[in-house]
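Colleague: Below are the chains, spelled out letter by letter.
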Amino acid sequence: MIELIDTYWLYFLVGQYPHGPLGGLALTLILAVLGLLFAFPLGLVFGIARVSPWRSVRWPVTALIQVVRGTPLLMVVFWAYFFLPSLTGQNTDQFWTMLTALVVFDAAYLAEIIRAGIQGIGKGQTESARSLGFSYLDAMRLVILPQVVRNMLPSLVNQFVATIKETSLGYIIGLTEVSFIATQINTQVLTRPAEVYLLLGLTYFILCFGLSRLAFWLERHLQQRTMAKAHA
Amino acid sequence: MIQIEKVNKWYGSYQALVNVTESVAKGEVVVVCGPSGSGKSTLIRTLNRLEPIQSGRIVIDGVDAYGPHVKLNAFRSHIGFVFQQFNLFPHITVLENCTLAPTRLRGLKPSEARDEALTLLARVGLAAKARAYPGELSGGQQQRVAIARALAMRPPLMLFDEPTSALDPEMVGEVLLVMRDLARDGMTMVCVTHEMGFARDVADRVLFMDEGKVLERAVPSEFFARPEHPRLRQFLSDIRTPFAEAA
Amino acid sequence: MTPIFDLNLLLTGTYHDWLVAGLITSLSLTGISLALALPLAIVIALIRLSPVKLLQWSGFAFVEAIRNVPLLAHLLFWYFGAPELLPTALREWLYARNVEATSAIIALTLYTAAYMSEDVRSGIRSIPGQQFEAARALGFSFVASMRLVVLPQALRVTIPPLISQTLNLWKDTSIATVIGVAELMYQAAKVESATFRSFEAFAFASVCYLGMSLLITGAAGWYQGRFPVRTA
Chain U
0 MIELIDTYWL
10 YFLVGQYPHG
20 PLGGLALTLI
30 LAVLGLLFAF
40 PLGLVFGIAR
50 VSPWRSVRWP
60 VTALIQVVRG
70 TPLLMVVFWA
80 YFFLPSLTGQ
90 NTDQFWTMLT
100 ALVVFDAAYL
110 AEIIRAGIQG
120 IGKGQTESAR
130 SLGFSYLDAM
140 RLVILPQVVR
150 NMLPSLVNQF
160 VATIKETSLG
170 YIIGLTEVSF
180 IATQINTQVL
190 TRPAEVYLLL
200 GLTYFILCFG
210 LSRLAFWLER
220 HLQQRTMAKA
230 HA
Chain A
0 MIQIEKVNKW
10 YGSYQALVNV
20 TESVAKGEVV
30 VVCGPSGSGK
40 STLIRTLNRL
50 EPIQSGRIVI
60 DGVDAYGPHV
70 KLNAFRSHIG
80 FVFQQFNLFP
90 HITVLENCTL
100 APTRLRGLKP
110 SEARDEALTL
120 LARVGLAAKA
130 RAYPGELSGG
140 QQQRVAIARA
150 LAMRPPLMLF
160 DEPTSALDPE
170 MVGEVLLVMR
180 DLARDGMTMV
190 CVTHEMGFAR
200 DVADRVLFMD
210 EGKVLERAVP
220 SEFFARPEHP
230 RLRQFLSDIR
240 TPFAEAA
Chain D
0 MTPIFDLNLL
10 LTGTYHDWLV
20 AGLITSLSLT
30 GISLALALPL
40 AIVIALIRLS
50 PVKLLQWSGF
60 AFVEAIRNVP
70 LLAHLLFWYF
80 GAPELLPTAL
90 REWLYARNVE
100 ATSAIIALTL
110 YTAAYMSEDV
120 RSGIRSIPGQ
130 QFEAARALGF
140 SFVASMRLVV
150 LPQALRVTIP
160 PLISQTLNLW
170 KDTSIATVIG
180 VAELMYQAAK
190 VESATFRSFE
200 AFAFASVCYL
210 GMSLLITGAA
220 GWYQGRFPVR
230 TA
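Protein chains in written order, with numbering that gives the first Met the number 0: chain U, 0 to 231; chain A, 0 to 246; chain D, 0 to 231.
Isolated chain U (complex conformation) (with noise of 0.2 Å):
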């Protein structure tokens, strides 16, 4: 196992690049950073359509949101790999249809991470807003938003996890990231792919258990906050 990982250490965590694209590990964690960041402006919008006071936001979002989570992501990349193109009138590489993909997936698991919250917070904020005048939005923007994304840390985190496990399901459509550069390593090694997969489980588990630690640790520490708070 030692000689497997002095052999392709650099190949596993960056692919072909610099005399290729990146791809291996790199990629993994630039997609699935990118695909977080990208939909969690657009959960962050779902999300608050969902408890819109107005039917014709709150039902159409309502419907898409209901229609991706019934969806495996699986799906999803099929259908963005083989219609993109036609969509955008250009050919779309693995890496952009994977992140489309991704982002589309994941705004609809944030959207309810986000409905969840601020229907956690409860009425008595937003009226209290409103009653000192603010608009629906303003009372939103200015308190109830900052609330809800302040408790969501956690599930942002755990969100993230989510989302590197996704991101390897780019393998399917030949994308190179860690997954496709493990199973490239298995055959030109040939002969010992139960070490090489065991490889490929400990890094995604050691990159996803450090994650997910970390964010049971904010969860504690936010519910801790929130307590002393309550006692003070």
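Among the clues, some could well be false.
[Unchecked claim] Which bits of chain D does chain A cover? Going by a derived footprint, with three or more residues having C-beta under 8 Å, they are:
1. 141-154
2. 211-219
[What the hints assert, rightly or not] Computed cross-link-like contacts, SDA-like style, restricted to lysine to any residue with a CA-CA straight-line distance of at most 25 Å:
3. D:Lys189 - U:Tyr80
4. D:Lys189 - U:Leu221
5. A:Lys108 - D:Arg146
No wet-lab data here; the hints were simulated from the structure. Where a beta carbon is used, it is the ideal one built from N, C-alpha and C, also for glycine.
Based on the hints, put chains A and D in the right spot on chain U.
Modeller: Just chains A and D now, with coordinates in the frame of chain U:
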């Protein structure tokens, strides 16, 4: 009915019961009172082994509760226990709460258990609520059901652990009424309670506990009229309550 | 001239048969994995709740090791890696049969069980300790108290999240495509490459995934209406 001999109990280094020796005769009603943390709840919980003890002996109805051969579940099923927080099973109806143990542990047929349970529910004034779920009842009603549930096992002995402490004041009376009714029928009862009116009117004997020790035991008239131990005097003046007059 | 959307392709003929076979395979994967994962999840939950430190720890390790690695990596390991670790005779026996489906079921079962065990565990923990105590005070044994009082209540709390894990399992079966299990996604891609009618093929798969997802979501809603969680 109950013999408690030199019982000691520790929570870690804290001694909750100190050399407690008591006995309760058949048909006797004993009220245990004392400030919070005095060990009174601990004492009553040791009687059906909800708490382990470190030394001493407790014999109930001829059975050594902590003896090596005691069949714990059968032993407990002969002792009715009423909790401060009622602890009804929220997922089943009031009637099912009262028939669960009789059908499973006493081997009654469902129809027999049902008839008995309905009689008991009528006795606590809640026959009309048989089909309701616990969550639909008030606290006082839930506690009365809890008493009926315990009675359904036909125990010769009933233990009450602060049965009215979790209730709103207006519901205390209805629960005490059921307990008086039980006492009048000759049930052996040990009640941990702060209801001094109940103690004075119903109890045959009142025990005062503090710091894990029984400091005083007397018939109610003596207990309230001529308290001897200074701590008891302090306690009685602390809770000098309108209850004693009102109840 | 071929129509823009060839519905006939989906309703009759070879391609129709391929797609339906895929749907049946997906449903079977879901059913078998669910049947295996549920009891496993309950056992893991009880192990994590046991008073023995070592058991608690090993339960925790199992759950975290599985949850923090993407399903795709699990599938690659069980399909490419694990058989290499088996004795030759057993391996050949396995290869003579449906090794793809077997690997997929193992991966899906472990993955689903890890998530479900967390739901079962928090369901049991949500029942106050006094319920257990009250049952013991009536004379019920440990097992009878669990069976008659604690578990029925825990089940009410646990079933809705278990149903949503089943929804995830249903969507996750699509990933079994990577190791060549002929499930719905695989068959849709096969029809696509045989006919170049990507829209029809993916529409069929999407409608199946979405329809089944809606059924499962509906089941959760029905259950919560039919069996409300009761608290005293």
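Colleague: Hint by hint, note whether the structure agrees.
Modeller: So, going through the hints one by one against the coordinates:
| no. | hint | verdict |
| --- | --- | --- |
| 1 | 141-154 | holds (count 5) |
| 2 | 211-219 | violated (count 0) |
| 3 | D:Lys189 - U:Tyr80 | holds (15 Å) |
| 4 | D:Lys189 - U:Leu221 | violated (50 Å) |
| 5 | A:Lys108 - D:Arg146 | holds (20 Å) |
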